[in-house]
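*Asks:* Chain by chain, the residues run as shown.
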Amino acid sequence: MGVVHGDLMTLNIGPQHPSTHGVLRLKVKTDGEIISEVEPIIGYLHRCFEKHCENVSYEQVIPYTDRCDYIAAMNNNFGYAVTVEELMEIKVPERVEYIRVIVAELNRIASHLLALGAYGLDVGAFTPFLYMFRDRERILDLFETLCGARLLYNYIWVGGVSHDLPPGFIDAVYSFLDYFEPKIEEYNELLTYNKIFIERTGDVGVMPPEVAVSYGVTGPNLRGSGVKWDIRKDEPYSIYDKFDFNIPVGAGKMGTVGDCWDRYFVRMVEMKESVKITRQALKGIPAGDVHQTLPKKIRPPQGSIYKRTESPRGDLAYYIVSDGSPIPYRLKMRSPAFTALSVLGEISQGWMMSDVLVILGSLDIVLGEIDR
Amino acid sequence: MTVDQLINWLPFGTDWPVITFLTAVIICALPVFLFIAVYALVAIYGEVKISSFMADKVGPMGQGVGLHAGKWGLLQPVADALKLILKEDIIPSAADKKLFVMAPFVVFIGAFISFAALPFSQNTIIADMNIGIFYILAVGSLSVIGIILAGWSSNNKWSLYGGMRSVAQIVSYEIPAGLSIISIIMLTGTLSMQGINEFQQGTIWGILPNWIIFNNPFSFIAFFIFFISGVAECNRTPFDIPEAESELVAGAFTEYSGMRYAFFFLSEYAEMFVVSGVSVTAFLGGWNSPISGFFNSPGWGVFWFMGKTLSLVFVMIWFRWTFPRLRVDQLMSICWKVFLPFSLLNIFGVGIWILIAG
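Chains as they are written, first to last, in our numbering: chain A, 1 to 372; chain B, 1 to 358.
Pulled out of the complex, with its shape left as it was, chain A reads as follows (with noise of 0.2 Å):
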């Protein structure tokens, strides 16, 4: 019996959607549910982001890298800080690395805390949800002593950190880990291993590691489709050698290598190394101060620079031109969830109109940092 297609109708998802993860517009041509083509429409959000820090210093943009992926705004001044520090030929103090590395496991965490959180949400458990964002918030606490703000931090800059971490930060952080821990555990039983949630994503919006190395795809969905690479460990910056910790990479536990279940998982797993990390950064960090290397101008020699690290959503690199004066020549930024955005149209094909979203949202993309 052959397939009977009737006309295919255009369906505009978003801007205004509950499930687009910000300001994103999905054209879609269904056949009835299937989906037979999907374009990301991107731009909604566009702030010159990249054109802002041409005009201005090298230490007034890190207040943009925040803006980009405000969910791990820590990860983006990581990011940036090391690559004007490299330019610079800068080397921060002892202290410093470890209360940066502290910080962006801290903010990864979180990050991927939200995403898992959404994801539960796409699929249409909204408990999980609940409990992550409360974890989160404990998270956000964190930062808020740290440098009092919640979301937007300012805090890793060229040359150092903004304050020292408070009294009482690194108990905080060890009271949290212990609670927190447990927790994921309560995550998996909740929504990981539930069946209806395995139905839902496993096998669906599979991502064979050839297509994902073709587009470009980096980060947690690479890894979930059973690609090893992690700039932490590949090509380490900061001081990320000398912590042990693993990789984890999808195995096609629930169906096939690179489905939606793995990316979701690789996330799960990933929250468990980066509390290794940070309890192995906890013990190791030694006392000194954070601002004896901060530059009174910053002003790199001629040049120019491509440096990645790794953020919860993958490469994230700058490319920074120095003309050598104290305004960046050109900034680049290299996004992780431009790439992951770029093969939604890929990997959905074919599938139907409730797991597009729940493919989309297994590719934990951020708006703000997508549109720039």
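Be careful, since some hints might not be right.
[Claimed, not checked] Result set (DSSO-like, lysine-lysine): computed pairs, CA atoms no more than 27 Å apart in a straight line: (1) A:Lys27 - B:Lys157; (2) B:Lys337 - A:Lys195; (3) A:Lys242 - A:Lys297; (4) A:Lys332 - A:Lys91; (5) B:Lys57 - A:Lys183; (6) B:Lys157 - A:Lys195; (7) B:Lys57 - A:Lys272; (8) B:Lys57 - A:Lys253.
[As the list claims (entries may be wrong)] If you anchor each label on the Cβ, the simulated ranges turn out as follows: (9) B:Leu345 - A:Glu37: 42 to 48 Å; (10) A:Glu54 - B:Val167: 55 to 61 Å; (11) B:Ile85 - A:Gly148: 41 to 47 Å; (12) B:Pro290 - A:Asn12: 51 to 57 Å; (13) B:Pro290 - A:Lys195: 27 to 33 Å; (14) A:Glu189 - B:Ile204: 32 to 38 Å; (15) A:Gly32 - B:Phe314: 33 to 39 Å; (16) B:Phe21 - A:Thr10: 51 to 57 Å.
Quick caveat, the hints were computed from the structure, so don't treat them as lab data. In this text, a Cβ means the ideal position worked out from N, Cα and C, and glycines have one as well.
Given the coordinates of chain A, work out where chain B should sit on it, guided by the hints.
*Replies:* Chain B alone, transformed into the frame defined by chain A:
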């Protein structure tokens, strides 16, 4: 008291049959409407609070006087209802006006008239029809027509998707639900709701209550098939596919606001009660006390019936705040490939059971 008794009791008698009939209908319908409204307020409050406790929150709270939600947020459902009544009623200009206006009432009627055959106790039933359970199954499906009307008339692609999905859903869950009821009818030999209740009086071996769910292993399975299909009938998670707020915005109800939306809301909760009530009557002994002869008077019958029914409503709320949502084809494959064969087997099983056990 049933409608028939009421008609005989009314003074106009047979001289004015139309007036008598209408009076009786109004006398019966008004309390039911009030009951649904009050129950919906309680259920909404319950859902908000239960979901909050499940999600490690406190839910609506308020202290002191003023425009707070009252103690423990008790006034929250009243505020919700007030808001829905006061909101602007928007009819999209592109909508098919007649159908758009009609749809919420069709949905509500489906849930509302089912109450006529629900036996609250030995003597509290509006109409003890000899086809009671068949009647409820039939009019319960009426509300789906309302959802399809809403989806079609809104002239909105999301609504259309919601309407289409609810059609796919009804053809899936109605059949296993109906077949599980058939196995009950074979056991009891009656379609009357009161007849089914009376069948379940007494005990099995002096220990277990003589409820149909405990009668034989097949009816035990039938209960779960019927109840899960019932959850699908109410469009509750994990089967809230026509509504699917993270995919279809609000599905068939996207374009509705204010009082019309409130009617959809009301009928969802009313339907939860009906489905639970039918499950209780058909499987869990209805108004029979769990311990035979223990508080088994008609007054306590209401208590047992309400208690059991509200427990099942609680289970539905529990489902909603625990499970993700199924995809529409997964619901269909569960209903057609799992429930349907099992309910057919049940019918055979019950038949053989009746032959052997007498």
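*Asks:* Go through the numbered hints given earlier and state which of them the structure violates, listing their numbers in rising order.
*Replies:* Violated hints: 3, 6, 8; rest satisfied.
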